[in-house]
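There are 4 protein chains.
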Amino acid sequence: MVGGGDGAFIGAVHRIAARLDDCYEVVAGALSGNAERALRSGTALRLAPERCYTDFRAMAQAEAARADGIDAVAIVTPNHLHAPVATAFMEAGIHVICDKPLGISTAEGVALAALARDRNLVFALTHTYTGYPMVRHARELVASGAIGDVRLVHVEYAQDWMAEAAMQSDEFQRTNWHNDPAKAGPTGCTSDIGTHAFHLVGFVAGMQPSELLAELHAFTPNRTLDDHVQVMLRYPNGARGMLWSSQMATGCENALKLRVFGTKASLAFDQENPNELWLTPQGGCAQRLTRGRVVGAAAEHATRVPSGHPEGYLEAFAQLYRDAAARIHALKAGLPVPEETADLPTVDDGVAGMRFIDAVLASHRAGSRWTALER
Amino acid sequence: MVGGGDGAFIGAVHRIAARLDDCYEVVAGALSGNAERALRSGTALRLAPERCYTDFRAMAQAEAARADGIDAVAIVTPNHLHAPVATAFMEAGIHVICDKPLGISTAEGVALAALARDRNLVFALTHTYTGYPMVRHARELVASGAIGDVRLVHVEYAQDWMAEAAMQSDEFQRTNWHNDPAKAGPTGCTSDIGTHAFHLVGFVAGMQPSELLAELHAFTPNRTLDDHVQVMLRYPNGARGMLWSSQMATGCENALKLRVFGTKASLAFDQENPNELWLTPQGGCAQRLTRGRVVGAAAEHATRVPSGHPEGYLEAFAQLYRDAAARIHALKAGLPVPEETADLPTVDDGVAGMRFIDAVLASHRAGSRWTALER
Amino acid sequence: MVGGGDGAFIGAVHRIAARLDDCYEVVAGALSGNAERALRSGTALRLAPERCYTDFRAMAQAEAARADGIDAVAIVTPNHLHAPVATAFMEAGIHVICDKPLGISTAEGVALAALARDRNLVFALTHTYTGYPMVRHARELVASGAIGDVRLVHVEYAQDWMAEAAMQSDEFQRTNWHNDPAKAGPTGCTSDIGTHAFHLVGFVAGMQPSELLAELHAFTPNRTLDDHVQVMLRYPNGARGMLWSSQMATGCENALKLRVFGTKASLAFDQENPNELWLTPQGGCAQRLTRGRVVGAAAEHATRVPSGHPEGYLEAFAQLYRDAAARIHALKAGLPVPEETADLPTVDDGVAGMRFIDAVLASHRAGSRWTALER
Amino acid sequence: MVGGGDGAFIGAVHRIAARLDDCYEVVAGALSGNAERALRSGTALRLAPERCYTDFRAMAQAEAARADGIDAVAIVTPNHLHAPVATAFMEAGIHVICDKPLGISTAEGVALAALARDRNLVFALTHTYTGYPMVRHARELVASGAIGDVRLVHVEYAQDWMAEAAMQSDEFQRTNWHNDPAKAGPTGCTSDIGTHAFHLVGFVAGMQPSELLAELHAFTPNRTLDDHVQVMLRYPNGARGMLWSSQMATGCENALKLRVFGTKASLAFDQENPNELWLTPQGGCAQRLTRGRVVGAAAEHATRVPSGHPEGYLEAFAQLYRDAAARIHALKAGLPVPEETADLPTVDDGVAGMRFIDAVLASHRAGSRWTALER
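Residue numbers (this note's numbering), protein chains in the order written: chain A, 68 to 442; chain B, 68 to 442; chain C, 68 to 442; chain D, 68 to 442.
No lab work stands behind these hints, which were simulated from the structure alone.
One thing to keep in mind: the hints can contain errors.
Partial pick of chain B residues on the chain C-facing surface, computed with a CB cut under 7 Å [stated by the list, open to error]:
hint: 1; residue: Gly273
hint: 2; residue: Asn321
hint: 3; residue: Glu378
Computed list of lysine to aspartate or glutamate pairs in EDC-like fashion (alpha-carbon distance at most 20 Å, straight line) [said to hold, decoys possible]:
hint: 4; chain 1: C; residue 1: Lys331; chain 2: D; residue 2: Glu231
hint: 5; chain 1: A; residue 1: Lys324; chain 2: D; residue 2: Glu343
hint: 6; chain 1: D; residue 1: Lys331; chain 2: C; residue 2: Glu231
hint: 7; chain 1: B; residue 1: Lys331; chain 2: A; residue 2: Asp337
hint: 8; chain 1: A; residue 1: Lys324; chain 2: B; residue 2: Glu231
hint: 9; chain 1: D; residue 1: Lys250; chain 2: D; residue 2: Asp425
hint: 10; chain 1: B; residue 1: Lys324; chain 2: A; residue 2: Glu231
Ideal placement from N, C-alpha and C gives every residue a C-beta, glycine not left out.
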């Protein structure tokens with residue numbers, strides 16, 4: 068693991084996710100660039116002292132050289148380090164599990180994708196929400212034609228944490244890396260959570276927009292990057308869509324919600340109630356599909372406990388780790404990519420997310436013009 | 068009543084609304100332009116035969132001349148007749164209760180507003196959804212500062228009726244007046260339900276956008292007018308917003324939903340569950356405010372039965388009739404407009420709705436440009 | 068109307084219900100035993116002074132003697148007057164619409180049923196909640212075999228109004244007729260709302276228990292009658308059930324909820340969300356059936372506005388008035404009882420309710436013994 | 068681990084729960100009494116072959132003798148083995164984490180409690196649902212007086228799995244250990260899930276009933292034990308309650324629901340939506356308390372991820388393992404029981420559950436008589 072020293076939220080989540088299905092053991096880390104913190108954090112995780120690194124490049128080389136070296140690295144650093152770290156480990160022949168967004172520019176994303184392809188390495192990108200069984204079931208339903216042709220999509224990802232007084236301070240905004248373009252990339256909210264929303268809607272709807280129109284905004288005084296973004300979408304098949312993402316949506320916790328309207332039926336998913344998915348036929352009555360009761364290979368593959376025993380965010384996260392493990396095992400065994408891991412987000416999804424950021428920014432700067440989205 | 072002959076949905080609703088609080092008696096009508104249908108419909112309503120008119124101008128004059136002539140006319144015709152009918156009755160000194168939208172052009176709307184002012188007549192516009200106690204409570208909460216400054220609004224009004232096979236036919240689209248610009252006005256879905264959404268958000272948020280950006284769309288083949296519209300909003304205080312309205316939203320019944328995010332708290336209202344309103348403080352937990360349990364003059368004024376005894380659409384509609392009656396009584400008695408009827412939508416709201424339509428159309432035609440909204 | 072003078076809640080509700088579908092005009096009343104209040108209340112309703120009675124017997128005779136006398140009387144008095152008033156009007160040949168419970172003893176209920184039969188008069192009992200379209204749809208579903216054989220029922224009716232400080236006072240309990248056995252009958256909460264719950268479950272499940280076991284309780288200090296009752300039920304077909312009713316259920320508004328579990332599927336209805344009904348197949352996923360979207364004669368008969376336009380308590384109440392009007396018209400015309408009014412609760416349902424009260428009381432007094440329920 | 072060979076549901080759940088917070092490693096097991104299955108199952112878990120036992124007594128002795136022997140044993144066998152297995156390991160000085168119910172008789176439960184006390188060993192009983200943060204918060208709220216004195220409780224635990232055709236067969240009922248009194252104990256549904264409901268209500272309400280009245284029932288043909296139980300409860304402070312538990316509740320997944328009504332407010336919890344808890348003040352509006360947003364030591368102690376990131380059943384289960392680990396560490400270090408582990412269910416809760424079963428059975432056999440509950 069690179070990043071994720073003591074106190075880091077997402078590092079701890081990655082570790083639980085890795086452990087939950089018993090596919091990984093955490094044995095080495097460059098948990099911090101600070102030597103003392105790196106050692107302290109590693110010791111707390113029971114790492115051997117010689118495997119508590121402070122430099123990720125040193126770690127990549129040392130681990131690659133060990134007989135019992137790591138198979139995969141989890142990257143949980145600020146955005147600007149994703150590409151350098153991933154590059155170092157891939158060059159050392161080590162598989163990558165990387166937090167999103169992929170990086171801070173499309174160019175570095177494209178280079179990572181090329182490197183992963185060249186070295187034939189697994190590069191999993193933790194778009195966590197696609198690990199939910201009911202999200203995978205939604206994708207499967209759409210792909211099966213169960214809702215007809217997709218006509219309309221709505222996705223929103225709303226939080227209110229940045230509206231807290233502490234985060235509204237100039238001090239916080241000046242020092243937090245999420246508001247530093249050099250570390251976060253060219254957008255704020257759009258990169259942080261907008262890319263999750265963008266990935267989710269494409270994942271389920273099975274199609275990508277050809278054009279978008281966007282407005283970025285910062286409600287926070289003296290903020291450099293956006294804390295709010297609204298986007299209109301146009302799809303090649305004539306479908307329309309809206310995407311909204313905000314870290315200033317008073318009263319919202321982690322409100323990622325998706326609706327997909329097809330010609331035959333519509334689907335609705337709310338991340339805060341992830342064990343259910345709503346299916347409503349045209350002109351008809353809604354059905355509340357529940358995990359464990361619906362029949363479908365995708366949902367079953369991502370399910371651990373029976374219906375009525377709620378699974379949550381950590382299980383969704385663990386699913387990505389489990390799928391990545393299955394791919395790594397297959398690669399090691401010289402086998403093809405296991406079909407049931409097809410839902411795992413990869414570096415290519417990361418590149419699509421970077422292109423989304425580019426298009427949003429271009430549209431916004433042009434006064435919310437319709438802007439082509441590169442593929 | 069003008070319009071609303073047998074079989075007309077909205078005419079029957081207006082009649083129940085008028086009757087529910089016992090403020091009105093239906094005694095005369097030009098229920099249809101067809102003499103036979105006008106008489107048959109009037110007889111079914113127990114109107115005296117001589118008060119079953121076929122011509123609305125004749126009715127206005129005849130009723131104005133009777134000692135027991137009508138006090139007010141309810142206009143439930145297609146849109147293009149709203150202005151001529153309202154004009155005829157106002158010129159005869161008769162108060163008007165008119166279905167929305169106000170008409171088919173801003174110009175006729177402005178003229179109606181001037182006439183109502185000149186003649187000192189009540190002109191109620193049936194933006195039904197503002198008759199709900201919890202909508203009025205929401206408005207009162209915002210006005211009181213309970214949610215702080217409004218930062219963000221989201222309103223959507225989604226239906227799926229036009230996606231039914233029968234309505235997707237060329238035959239229906241060719242013959243239905245909702246798709247005929249001469250009768251419906253320059254937009255379709257936008258006029259039909261978009262204006263409801265636009266009025267609702269302004270009613271509750273207590274502010275009007277200064278600019279908007281819109282995209283109209285028709286999913287229906289061979290349709291002249293839009294069946295879908297999405298709009299971004301900018302407010303003078305820097306607030307942002309989104310409005311979406313569709314008659315092609317698979318699985319939606321009458322899904323008018325409003326969210327208003329302030330600096331202190333947010334509100335959420337869903338027309339399909341109108342006895343509740345959700346209030347969530349920044350960083351806190353949601354409260355489900357219920358009709359009959361919340362304390363507030365506006366909600367109490369619009370409430371008939373105790374908490375837990377659900378009120379619905381007809382009661383909301385009746386509230387507008389009741390408020391209009393109170394104004395008519397006050398005018399007749401030479402009294403000022405009763406303060407508690409301040410929430411009644413009037414011809415001025417109708418003009419604002421027409422200007423919204425104009426701006427949406429202008430933005431759309433300019434490729435979704437940001438367009439100033441005239442006040 | 069007998070009872071329902073100014074300030075009386077249920078009288079006003081009956082009047083709106085009567086008016087809503089335009090089947091009745093209120094023309095006479097013994098609105099109060101106090102002459103001054105009777106006249107004042109009648110005048111407010113625009114009754115002719117000579118039809119504002121203070122004595123219900125005088126009213127029955129006078130109205131029967133008038134050429135334009137009333138067709139039906141609405142009885143909205145305290146419970147102990149239901150039987151005497153209904154008897155007086157039935158003996159004068161006038162149809163009855165009576166609030167529940169039927170009276171204060173089974174004996175008087177049986178006599179009322181006999182009188183109604185002998186005189187061939189309509190006797191509607193306002194078990195309001197059976198006027199909801201989705202309740203009628205539930206009954207129709209059960210009768211059609213859609214949920215299989217009923218195996219289990221749960222019904223509860225919980226309110227918290229009596230837990231308010233004002234109602235917990237000795238003063239209130241001493242003076243309120245709901246706590247006076249001479250006026251309310253032998254039980255309190257059981258009669259007030261328990262009978263609603265009992266009727267509802269029988270109405271939907273289409274079967275009556277053969278035995279019950281009950282515990283009455285009063286949480287209120289110095290209260291004579293129960294404010295809380297819990298009952299277990301056994302049915303002839305082996306089904307089991309529970310009924311709970313309380314006026315001390317902190318935080319509950321008017322929480323009448325029903326669940327019926329069959330061998331194939333289960334149904335759930337919540338009076339506070341009356342436009343929906345949940346249907347869940349064995350081992351499957353729940354469907355949210357909505358008024359206006361479900362297909363069925365019973366629901367359609369009781370529906371006024373399209374799906375998504377919520378109907379409420381007053382419409383359910385109005386439905387009973389409308390059904391009673393249809394029966395009265397049929398009787399007057401010498402026609403058979405209209406089939407579509409089969410769902411109207413009558414004096415026979417009232418007698419069943421009185422027998423329920425008897426059995427509850429008998430079981431409670433015997434230390435919660437299983438007690439046969441007479442048919 | 069004893070029990071939990073390949074294919075066993077609850078064994079896998081225990082293992083994830085043990086691993087999730089990285090407090091345990093699974094190193095030895097008597098996963099099956101069948102030698103081949105024991106070895107195969109152990110190998111799949113990467114146990115050393117010499118630590119794959121077939122006899123639990125041998126395992127207890129061998130592990131106690133090893134320097135690196137296990138600290139604790141997880142018991143996931145059928146009910147009748149809980150006591151013998153727990154006894155063997157406690158006699159070898161090994162801590163116990165045992166699935167519920169505690170056993171098949173109160174006598175063996177009392178003996179286990181005595182043994183745990185004598186040996187000063189941790190004995191955790193996996194009443195999983197008390198591991199949820201919002202359940203612990205509910206308990207804390209009640210204990211703090213936030214809802215006043217408890218007046219009324221309702222708890223239900225409904226499933227429909229036994230109503231599936233496969234489980235309704237004589238074959239299944241004859242062979243499944245849940246229907247064999249020698250292995251399951253004297254009750255079926257009551258032991259399986261009724262004890263969960265009973266424990267939950269006592270855990271939150273902070274009080275135990277003094278009397279109960281019960282009816283057991285089996286809807287399943289040719290079934291020996293109950294598949295359905297309904298119970299009325301009386302508390303020393305005059306509070307009343309109902310408990311219902313069924314494995315034949317068509318359409319229910321794992322519907323464990325609790326309501327506690329106090330004099331000031333009520334609480335409602337639904338296990339299928341475990342990240343929220345509803346708090347409604349007397350006469351007021353409900354608040355939806357959410358995990359991560361409420362402030363309280365008990366909930367925080369049991370929380371891993373921020374609000375809006377749902378936690379589920381596995382996290383609740385893991386919480387019990389984590390609390391047990393903290394106790395074991397404390398005991399080993401000679402420290403007092405950590406205060407923050409006070410919510411961990413123990414052998415004493417298991418004894419209370421056995422006494423509940425006894426009282427239910429006694430009441431039922433006496434024709435549903437009120438029966439004292441021993442403490």
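Here is what the structure says about each hint:
1. Gly273: 25 Å, violated
2. Asn321: Holds, about 3 Å.
3. Glu378: 5 Å, holds
4. C/Lys331 - D/Glu231: Within the cut-off at roughly 10 Å; holds.
5. A/Lys324 - D/Glu343: Holds, at about 18 Å.
6. D/Lys331 - C/Glu231: With Cα atoms ~10 Å apart, D/Lys331 and C/Glu231 stay inside 20 Å; holds.
7. B/Lys331 - A/Asp337: Not satisfied, since the Cα-Cα distance of roughly 24 Å exceeds 20 Å.
8. A/Lys324 - B/Glu231: With Cα atoms ~26 Å apart, A/Lys324 and B/Glu231 exceed 20 Å; violated.
9. D/Lys250 - D/Asp425: Given that 20 Å is the threshold and the Cα spacing comes to 16 Å, the pair holds.
10. B/Lys324 - A/Glu231: 26 Å, violated
The structure fails to meet hints 1, 7, 8, 10 from the earlier list, while all remaining hints are met.
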